[in-house]
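Working from the sequences, and respecting the hints, build out all of it.
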Amino acid sequence: MEIIEGRPSIVGDEFVDGFRFQTQWAWLIAIAFFFGGIGAGLFLVSIFFQFKLGALLGLFMVAFGKGGAHLLYLGHPLRAWRVVLKPGSSWISRGMIATLVFIFFGFLWCAEVIPGFGWLALKEGTFIEGLVISLAVISALILTIYDGLVMSSSPSLPFWNTALLPIFGFTEAFLGGVTLTILLIHFGIAGNLSFNLNILEFIELGLLLLNLMLVLVYLMTMFTSNLTSKVSALLLLKGKYAFYFLGGGIFAGFILTLFLIFYFYYTHQILALVGVALAELLGDFVIRFTFLRVGVYTPLIYR
Amino acid sequence: MRYGMVIDLKKCIGCNACSIACKQENGTPEAIFFTKTLANEVGRYPYVKRTYTPVLCNHCSEATCMKICPTGATYKRDDGIIMLDQDKCIGCRACYVACPYKNRSYLTKGFLKRGYFGVLNPFEEKKAETMQEKVAAKCSFCYQRVDQGLEPACVVTCITSARIFGNLDDPESEVRKLIRLRNGRQPLAERNTDPSVYYLE
Chain A
1 MEIIEGRPSI
11 VGDEFVDGFR
21 FQTQWAWLIA
31 IAFFFGGIGA
41 GLFLVSIFFQ
51 FKLGALLGLF
61 MVAFGKGGAH
71 LLYLGHPLRA
81 WRVVLKPGSS
91 WISRGMIATL
101 VFIFFGFLWC
111 AEVIPGFGWL
121 ALKEGTFIEG
131 LVISLAVISA
141 LILTIYDGLV
151 MSSSPSLPFW
161 NTALLPIFGF
171 TEAFLGGVTL
181 TILLIHFGIA
191 GNLSFNLNIL
201 EFIELGLLLL
211 NLMLVLVYLM
221 TMFTSNLTSK
231 VSALLLLKGK
241 YAFYFLGGGI
251 FAGFILTLFL
261 IFYFYYTHQI
271 LALVGVALAE
281 LLGDFVIRFT
291 FLRVGVYTPL
301 IYR
Chain B
1 MRYGMVIDLK
11 KCIGCNACSI
21 ACKQENGTPE
31 AIFFTKTLAN
41 EVGRYPYVKR
51 TYTPVLCNHC
61 SEATCMKICP
71 TGATYKRDDG
81 IIMLDQDKCI
91 GCRACYVACP
101 YKNRSYLTKG
111 FLKRGYFGVL
121 NPFEEKKAET
131 MQEKVAAKCS
141 FCYQRVDQGL
151 EPACVVTCIT
161 SARIFGNLDD
171 PESEVRKLIR
181 LRNGRQPLAE
191 RNTDPSVYYL
201 E
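Protein chains in written order, with the working numbering: chain A, 1 to 303; chain B, 1 to 201.
Hints listed in this document are in silico derivations from the structure and should not be mistaken for laboratory results. Using N, Cα and C, we set each Cβ at its ideal position, and we do this for glycine too. Just so you know, not all the hints are guaranteed correct.
Label-pair restraints from in silico Cβ distances [said to hold, decoys possible]:
(1) B:Thr-130 - A:Leu-164: 38 to 46 Å
(2) B:Lys-10 - A:Glu-14: 17 to 25 Å
(3) B:Arg-185 - A:Thr-23: 24 to 32 Å
(4) B:Lys-10 - A:Trp-27: 50 to 58 Å
(5) A:Phe-259 - B:Thr-130: 53 to 61 Å
(6) A:Leu-100 - B:Arg-77: 28 to 36 Å
(7) B:Gln-148 - A:Glu-14: 31 to 39 Å
(8) B:Asp-79 - A:Thr-224: 41 to 49 Å
(9) A:Val-217 - B:Glu-190: 46 to 54 Å
Pasting the structure below:
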């Protein structure tokens, strides 16, 4: 039993009333949400710059990272096809449909960069190309907010039940996409892509600060909304997951990333840029993971 | 027709006979309880009292578990009982997470092979045939008994008659009368799930 503010707070499976952890969705779901977010983010940024190799990388992240983690998590992966059957009420169903649409149309758009798939190249400026891009972008946008929508759609865990979560998911995904694009450009993978890199780096910095602000607003909202969400927020700052959240999510994800961005700006060392990407992505993952883990159920009586 | 249950907290003595009866009826494996009685200690010494709150699936009218289920494995019967089709369940545990009362269970791998004492006894073997591993599981208001005109096992076994089962849609039913007369309240009503289980205090 965990003690918060001098009161018995979290109980396990004992036959007593109290706050209870969400115990089922953990690291595999966090991995799926992480790859789904940054994969879709990278695809969106790449499609904006017509950077097909980057888009393909984002697509693979979604297909194999997100899809693979979800399949590994399922008790009966062979029945996974059933997931598409309830789009009327289930965000999981909608997410699965969006993922399939994204993989299909996203692949159509960028498959030509794979040796042997050149015949799939779409004619530029045609209606078909516009349709393919539109469907790929819409489904990618859904994927960036999907995890937030799944988590916030249920009223069971007050820490998740907020409209801030999809917004946060979107900015995290976009930030991941921008960071990876900058890294790919500096490694020469983007080829002769012509755009102002400084603008992209400026966007990255802005998104990082926006994300930090969103995390702070999120925590402040949780502290002031109800006791259950306050317990969850306290667990992030003082409890079981404080080390991960403060060390990985805040320090690595924001402070270290900011420091390395400025270090790179003045030194232009490629290693610093790799550090930026690693620290930022680690922070993204840790925040998603800890947000999942501190989901707490409201007790029936004790409030 | 909407089946529901009223639980009189003043009558509950926390004996957990309902939990045992449920286990016997459904043959649930070790550590899986479709119903249990939670204890609450209230007050400070020397003015302390212990109260009990039996919990089970609330068979909510606006069941979040049913809404979030992506496969349609969780469904509602015409009489309001929320059911789970284990053949359709993929084991995503979204229902488990979405239930505000945490009244869902998940049968992990090997659960149905261990038994209470290492190996399955004939009773456990028979019951294990009706369940699957790596899927969710939940209370079904003992639909197999209800369909025969019987009451759920936990209701029949309750030694203080703290649990009353009946039709919530009938204004003359005992459950509806008790809710009306004693201001029955639904658990966590603010979650807007409209549970079919009411508590009397």
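| request: Could you tell me which of the hints above the structure violates, numbers in ascending order? | output: Hint check: 4, 9 fail, others pass.
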